[in-house]
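Asker: The primary structure of each chain is shown beneath.
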Amino acid sequence: MTEYTWLVPLPVVVPLFGAGLALALYRRPRLQRIISVVALSIVLVVAATLLVLADDGPLVVDIGGWAAPVGIDLVADRLSALMLTVSAAVTLCVQLYSLAQGEADGDEAAPVSIYHPTYLILTAGVANAFLSGDLFNIYVGFEILLAASYVLLTLGGTGERIRAGSIYVVVALLSSLLFLIAIALTYAAAGTVNLAQLAERLPEIDPGVRLLLQVLLLLAFGIKAAIFPLSAWLPDSYPTAPAPVTAVFAGLLTKVGVYAIIRTQTLLFPEGRMDDVLMWAALATMVVGILGAVAQDDLKRLLSFTLVSHIGYMLFGIALASEAGWSASIYYVAHHIIVQTGLFLVAGLIERRGGSTSLDSLGGLAKLAPVLAILFFIPAMNLGGIPPLSGFLGKVGLLQAGVADGSWLALTLVVGGVATSLLTLYALIKAWNKAFWQTPPEPLPDATLPKGMVGSAAALVVLGLALTVGAGPLYGYAERAAGALADRSVYIQSVLPEGGRGSGESVDVAHGGDDA
Amino acid sequence: MIDMSPNLVLVGLIVVLVTAGVYLLLERSLSRVLIGVVLIGNGANLLFLVAGGAAGRPPIVGLELEREMADPLPQAMVLTAIVITLGMTAFLLAMAYRSWQLHRHDEVQDDVEDRRIARLAARDERAFEDDDTEESTTTLDEEAAETRDETDEGEPSPAAAGDHHRPTDDRGEGSR
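As you go down the protein sequences, you meet chains F and R in turn. Residues in the first sequence are numbered from 2 upward in steps of one, following this note's numbering. Residues in the second sequence are numbered from 789 upward in steps of one, following this note's numbering.
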């Protein structure tokens with residue numbers, strides 16, 4: 002197993018290196034495209050390999066040869082590897098989509114020279130956040146991906162994007178500051194920011210301080226993950242960006258927040274003193290989000306609200322604090338990344354074909370573009386949770402875990418989850434009727450859809466279907482990942498083997514005496 | 789044993805910085821928000837210094853006694869945080885300038901679409917026009933009022949009855 006640990010840093014290093022190369026070659030758009038596709042393909046291959054390898058136990062790298070609690074470590078366990086693989090697949094598909102879009106519109110339409118490097122940096126940041134075994138390094142990962150996302154969201158600097166961007170940037174900065182303060186307090190309380198060592202030390206500190214740290218971290222991640230009442234920024238800022246950017250934001254960025262919540266809740270605060278609060282937050286997120294979606298008549302905004310709403314499902318699974326809940330949550334995250342990104346890509350196609358995403362001015366697309374209709378219908382039904390698609394399987398898993406929990410709060414959430422699922426179906430059917438069936442108020446403009454864009458959107462839709470076909474093994478993997486989360490000793494042991502040190506430089510120093 | 793009692797001056801400074809920062813963050817102008825972010829960021833950086841314990845000798849193994857060394861880890865983290873805050877500040881500044889270029893002010897604006905939906909909700913109108921809503925201009929409430937008018941004592945206004953009697957009737961039969 003140890004001979005493959007060199008793979009672990011690659012999902013961070015390769016995109017960063019590619020970004021530098023792409024930036025240096027800003028005069029050669031063709032080369033830039035090749036570099037970004039190659040880099041993202043490498044990440045996908047590495048992530049898939051890690052997915053297989055991590056099933057036998059976490060892979061740990063002490064960066065720069067500095068041993069774990071002092072140096073920074075990257076950990077690829079089952080949860081990280083699964084998130085990494087799904088995100089790599091999604092980023093590659095979205096990148097192909099935006100390449101096809103650039104091909105069709107000509108290079109003048111978008112400032113590609115900055116787009117590709119930024120996109121690669123975004124990927125590196127996401128990978129860093131997933132792999133990091135160190136609280137401060139998670140912060141760095143967040144900042145990398147956020148800095149890239151600021152640029153992508155305000156691409157071109159039009160009035161509308163600057164408006165949306167200023168809200169997004171300020172809210173994201175606030176959450177970063179909260180995270181930073183939480184890290185400083187954690188260090189003050191426990192003298193370390195290494196996740197494995199924190200897991201060992203946090204039970205020994207004062208319970209009140211521990212609760213404070215937990216609340217601060219939850220607040221910081223809650224803003225990133227768009228949990229109600231910290232979600233109002235999302236539907237305001239996402240829909241204005243270019244379609245591929247919105248798609249990758251919607252799929253990935255909130256899920257990085259969800260991942261961080263899973264990681265810290267399971268590893269650092271296993272006693273689950275915030276679980277009831279999280280349950281209420283999950284319920285509010287689900288219901289308020291979907292009611293917002295029902296009120297919208299712009300497709301992208303509608304999808305943004307469903308995104309907020311479905312974060313509630315994942316939070317529900319986390320708050321159940323049982324292996325069944327966690328495995329359902331993990332499966333749901335994987336499903337939701339793929340399906341939501343696919344839907345946003347299709348929304349981009351609809352915008353291209355119909356000239357707008359306003360459901361008032363769209364219509365009759367089922368006749369004009371039947372392929373588009375199918376591409377929208379499948380993920381829409383998937384999101385709504387129609388059997389036998391993966392959305393249904395994830396929701397059933399969550400509902401089962403909720404019923405197994407048996408407390409009245411969990412049962413309330415089960416009811417809320419079912420209601421949200423029905424309302425999701427209602428909102429999406431409404432969108433379907435308006436965009437695909439009604440007679441358009443004015444004839445739609447004549448536009449063709451580039452094959453590459455349709456192809457990459459179709460690839461994501463098919464991937465969503467593959468989650469249904471491969472649900473058995475995938476759900477099994479999610480269950481094993483949840484098992485590893487519940488048994489924290491596996492993680493701690495692999496980061497800090499005997500002696501409480503990773504491998505590297507500071508091992509021999511530690512022999513000399515104390516470890517401050 | 790390291791002396792972990794915090795430096796009160798630093799704590800007081802953190803309180804002032806964060807308080808002023810939060811106040812500025814609540815403003816509408818982006819440049820004030822920016823200053824607020826910088827202030828809170830510096831407050832957080834000082835918090836790291838407090839978290840690292842008392843000041844000490846440079847942490848170089850071999851040159852200094854280990855128990856007299858300052859904790860180098862929070863300083864490394866503060867350095868990273870400072871660099872990141874600098875980058876974000878630069879971006880926010882550029883964005884505020886762009887906003888000023890476009891609108892001659894740098895205030896955070898409301899979302900137009902959001903306001904529109906909110907206004908619809910306030911007037912209790914539907915968010916979109918249907919085929920159903922387009923063919924008859926009456927709302928369901930008005931239709932209900934009219935149907936009752938015919939059976940109850942109230943007289944339907946002649947214009948409304950003439951225009952809308954048919955479609956109301958048709959729909960009633962169709963749904964039955």
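Calculated directly from the structure, the hints in this document are not laboratory data. Careful, some of the hints might be misleading.
Stated by the list, open to error - In silico contact screen, one side only, chain R against chain F (beta carbon under 7 Å); selected entries:
1) 799
2) 803
3) 823
4) 826
5) 832
6) 853
7) 876
8) 886
9) 896
10) 899
11) 905
12) 906
Claimed, not checked - Far from chain F by the CB rule (all over 12 Å, computed), these chain R residues:
13) 800
14) 801
15) 829
None of these values were measured; they are calculated from a predicted model. Even for Gly, the Cβ is constructed at its ideal location relative to N, Cα and C.
Asker: Run every hint past the structure and note whether it holds.
Answerer: Hint check:
1. 799: Violated, about 11 Å.
2. 803: 13 Å, violated
3. 823: Violated, about 12 Å.
4. 826: Where the cut-off is 7 Å and the nearest Cβ of chain F is about 10 Å from residue 826 of chain R, the hint is violated.
5. 832: Status holds, d = 4 Å.
6. 853: 11 Å, violated
7. 876: 6 Å, holds
8. 886: 5 Å, holds
9. 896: Holds - the Cβ of residue 896 of chain R comes within 7 Å of chain F, reaching about 5 Å at its closest.
10. 899: 5 Å, holds
11. 905: Since chain F brings a Cβ to about 6 Å from residue 905 of chain R, closer than 7 Å, the hint holds.
12. 906: 9 Å, violated
13. 800: 16 Å, holds
14. 801: 14 Å, holds
15. 829: 6 Å, violated
Consistency with the previously given hints fails for numbers 1, 2, 3, 4, 6, 12 and 15, ordered from lowest to highest.
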